[in-house]
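Colleague: From just these sequences and the hints, can you work out the full model?
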Amino acid sequence: MDNSRVEICVHEGKLIGIVEKGVYGDYYTAFRGIPYAKPPIGELRFKDPVPVEPWSDGRDASKHGNIAVQLNEFTRKIEGDEDCLYLNVYATKIESSKKRTVMVWIHGGAFYMGSGDAFFYGPDYIVQKDVVLVTLNYRLGVLGFLNLNNKVATGNQGLKDIIMALQWVQKNISKFGGDPENVTIFGESAGGALVHCLTLSPLAKDISKKDLETINSDFKKAILPRCLATLSKISITIEELKSLYFGDKAVSEETVMNYVDFISDEFFCRGIMEVVDIQTKLNNNDNKTTYLYQFSYESENNPFRKIFKVQTPGVTHTEELAYLFYPYMMKDLGLSPSAVDSEDYKMINCLTQMWTDFAKTGDPTPATNLWLSVTDSQSGKYNYLNIDTNSQIKVFRKGEERWDWEKKKNKLRR
572 MDNSRVEICV HEGKLIGIVE KGVYGDYYTA FRGIPYAKPP IGELRFKDPV
622 PVEPWSDGRD ASKHGNIAVQ LNEFTRKIEG DEDCLYLNVY ATKIESSKKR
672 TVMVWIHGGA FYMGSGDAFF YGPDYIVQKD VVLVTLNYRL GVLGFLNLNN
722 KVATGNQGLK DIIMALQWVQ KNISKFGGDP ENVTIFGESA GGALVHCLTL
772 SPLAKDISKK DLETINSDFK KAILPRCLAT LSKISITIEE LKSLYFGDKA
822 VSEETVMNYV DFISDEFFCR GIMEVVDIQT KLNNNDNKTT YLYQFSYESE
872 NNPFRKIFKV QTPGVTHTEE LAYLFYPYMM KDLGLSPSAV DSEDYKMINC
922 LTQMWTDFAK TGDPTPATNL WLSVTDSQSG KYNYLNIDTN SQIKVFRKGE
972 ERWDWEKKKN KLRR
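The numbering of the sequence shown is the numbering used here, which starts it at 572 and goes up by one.
No wet-lab data here; the hints were simulated from the structure. Each hint should be verified, as a subset may be incorrect.
[Claimed, not checked] Within a straight-line C-alpha distance of at most 20 Å, the following computed DMTMM-like cross-link-like pairs (lysine to aspartate or glutamate) qualify:
1) 746 <-> 578
2) 669 <-> 701
3) 592 <-> 903
4) 820 <-> 832
5) 700 <-> 934
6) 592 <-> 614
7) 952 <-> 975
As the structure is a prediction and not an experimental result, all values here were calculated from the model.
Modeller: This is how it looks when you write it as structure tokens:
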């Protein structure tokens, strides 16, 4: 069964995928390197994506397509290709009368690096929860987001690429056993910010039913100026911020964790909580729910900690992704998959279950009702799930948290 070929026909032509064995012995079918738009080269550089033309022969879909042009953060070399508009589809069952929930992953990378490939985002864990997984590439950096305010470069080509990929999903995903009426887009970091943008864009209307951004995503920081340029708006000075985070200590290697606290608050917590305020206010009118979480599970085996050589205590940006996806980089790092009796394996099962339950039902814990939605943020209280070995609901209280600078500045001036 392993490495056998599977053929399906989408609107553009025949695709020849491959059956592969997952890290825990389950099988899935992979269709990789599927073009969803014409190569954005030549006259199409900086232009909106154009639908891909049909092909006549069967197309090999066993290998990933090109990634977008980018600087490799590890080798410091330029890699990728302008011809990069490809997506991947993974499913455990293709031919079935039952149509499965579809989850479309938008990768992060600060809008200038990354891809939807299995190096970081292998499908092995999540497809075993009976969903169809789609990952994709989009244009990055100046090729994806340059805006000259004229027809040469109208801007947001990377975002428009994602919209075209979602339109492709609507048109073709039923061929892979997916339900076009139940599509959830989810992402992390820059990918999470792009998910937010998609919920706001009229161009993306009716191409997904639910959206799920990780707590690592910071929409506000993606579109607004950085910290020091906005301090005057909240009337807090640099000296007051330094006092809040460092007290009377100097900024040095000895106070590096104080600096980590500041960066975490500025780049993540503050923007996220403002978005939660906005969403819960809108939810009251639209009968929608917002769920908030903090990922607190620490493991010395986490591949993201190893590849980025993290030495500081605490959970870092991107760590939870290692429990949603099987990153193929683990092979390069000489790491074995988590043992089935390990705490790491339990976390893999926990996260994939909650994320796929949300995609299927709109509730991440329908069997237990453990995860309470944010219902009363206007009063300054935010329910959130603290995800750890023993996950539990906790409450943020605005005015008591360090990241609430507006409240803290008054205490600093007493």
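Colleague: Hint by hint, say whether it matches the structure.
Modeller: Here's how the hints hold up against the structure:
no. : hint        : result
1   : 746 <-> 578 : holds, 10 Å
2   : 669 <-> 701 : holds, 11 Å
3   : 592 <-> 903 : holds, 18 Å
4   : 820 <-> 832 : holds, 15 Å
5   : 700 <-> 934 : holds, 15 Å
6   : 592 <-> 614 : violated, 41 Å
7   : 952 <-> 975 : holds, 13 Å
Comparing the model with each earlier hint shows a violation of hint 6 alone; every other hint is respected.
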